[in-house]
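> Going down the list, the sequences are from chains E and V.
Our numbering runs 922 ahead of the 1-based position in the first sequence.
Our numbering runs 1 ahead of the 1-based position in the second sequence.
There's no promise every hint is true.
[To be verified] Some chain V residues well away from chain E (every beta-carbon gap over 10 angstroms; in silico):
#1 69
#2 73
#3 151
[To be verified] Listed next, the in silico SDA-like pairs over lysine to any residue satisfying Cα-Cα at most 25 angstroms (straight line):
#4 E:1065 x V:89
#5 E:1025 x V:138
#6 E:1065 x V:121
#7 E:1087 x V:141
#8 E:1048 x V:213
FYI, nobody ran anything at the bench for these hints, they're computed from the structure.
Beta carbons: idealized from backbone N, C-alpha and C, even for Gly.
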Amino acid sequence: MSADTHPAENTGLLANPPVDGSELIRFDQVTKRFGDNTVLDRLDFSVDSGKHVTLIGPSGSGKTTILRLLMTLTEPDEGTIRVGGELLTHEERNGKLVRAGEKHVREVRKNIGMVFQQFNLFPNMKVLRNITEAPVTVLGLSKDEAEERARELLELVGLTEHLDKYPTQLSGGQQQRVAIARALAMRPQVLLLDEVTSALDPELVVGVLDVLRDIARTTDITMLCVTHEMSFARDISDQVLMFDSGRVIESGPPEKIFSEPEKERTREFLKAVL
Amino acid sequence: MNWDWNVVDDFMPRFWDGVLVTLQALAVGTLIAFALGLVWALAQRSAQAWVRLPVIAVTEFIRNTPLLVQLFFLFYVVPDFGPSMSPLTTGIIGLGLHYSTYTAEVYRAGIEGVPAGQWEAATALSLSRGRTWRAVILPQAIRRVVPPLGNYVVAMLKDSPMIATIGAFDMLGEAQAFSNETFTTEALTVVGVAFIVIAYPASLLIRALERRLVR
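Please build the complete structure, drawing on both the sequences and the hints.
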């Protein structure tokens, strides 16, 4: 964790991708409650651009909430989140922090892509249109440009021959690979992966993880990943954060976390899942 | 009781007049009910209370009062302060308005039936609100609502004779008038058969549409 670096103020809405290694995501004292349950408790953490960070920890420890906060699917009760130095849920106006308008949120959020546990493909659209819809209507690409991009991505995930099918005609693993292509088609700087293999039959998990390994190896996209696949986490991560009760209790490179964790709680957790 | 084909023959010109009224009322009434119902359903979900609350109040009111009262109100009261319309136009608007409050409920259920993950995926892709509705939510909701909407078309057909009470003589209205004038019953039987002849193909059409839409 690079908690000691400070985000550059007002660097523009990520018009230019930050230089690799600079801070891309930052949580400052973020608290999130659901009713009486405090899911995140004054959480501080940051992710540098180009890094692959995996969040591990028991269910209910707040890992998925972090991804949902970043995707603005839920809002923090306290604290601030920055992406590329820009505040996600707030705007600075006349030196004061106010709730961000829809336009500001959309601009900052465009840099973030997400792949869901349940795929969430649009069942009313064929595979190709699932991937081209947002690039055309949000980024303003022409249909041809978007389709060319989609074909490249389908090749990357190994599904070129399925572009004319509806999602329900594909297996879960194939659907998830389409969902990965769909997220990447927006050229996000950050890819959020929310337990992307948890809903898959065991024999389909490998194909999805192979695609993600490939992406991690060949692109400089930043990845923030919640997973129970520990060998995958070990393979792709630059950094692993161990969560418990809404806080990061331990972090470090995967070889350290998985081989010689410092905290008893981490050891217990790893013993249970490995 | 004797069946007299000559009576049927005499009734035919008026029967066709009535069929025309019934079909017009059904077709235009359906269009109004389907379109207006969607408007109600979307307005009921508005974040603006000044849009949402009046629409909920009005649709609840219309749904829970009899169609007959609404027809009388539209025909006898509205012209006092608003436009004066022909019996048929008034009847069509009355049917469409009344049934729009039912189709609104169907749309509402259809929209709520679209999984939350679809909204989340649309957010994750930064789709605009309008695009999310048009490209993602409504196409999926429509598929769920076709069968129940179809049922309301058949229900509307069966309620259409009520417009005869304000002078728009549909096929039953014509048959009743004819029977009273001639002291016969054949015309009523003919109309009974005609209702089935219209309703059954309509439900077949709805089923075909359903098969096409549901994947």
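> Please verify whether residue 1025 (chain E) and residue 138 (chain V) have alpha carbons no more than 25 angstroms apart.
Given that 25 angstroms is the threshold and the Cα spacing comes to 21 angstroms, the pair holds.
> Does residue 213 (chain V) sit within 25 angstroms of residue 1048 (chain E), going by the straight-line distance between their CA atoms?
Holds, at about 16 angstroms.
> Regarding the assertion that residue 69 (chain V) does not contact chain E, is the least Cβ-Cβ distance greater than 10 angstroms?
holds (40 angstroms)
> Going by Cβ atoms, does residue 73 (chain V) stay more than 10 angstroms from chain E at every point?
Per Cβ check, residue 73 (chain V) is outside 10 angstroms of chain E; nearest 43 angstroms; holds.
> Does residue 141 (chain V) lie within 25 angstroms of residue 1087 (chain E) when you go C-alpha to C-alpha?
holds (17 angstroms)
> So is residue 151 (chain V) really clear of chain E, every C-beta pair being over 10 angstroms apart?
holds (20 angstroms)
> Holds or violated: residue 1065 (chain E) with residue 89 (chain V), Cα cutoff 25 angstroms?
violated (47 angstroms)
> For a C-alpha distance cap of 25 angstroms, please report whether residue 1065 (chain E) and residue 121 (chain V) respect it.
The given pair, whose Cα atoms are some 24 angstroms apart, holds under the 25 angstroms limit.
Checked against the numbered hints above, the structure breaks only hint 4 and satisfies the rest.
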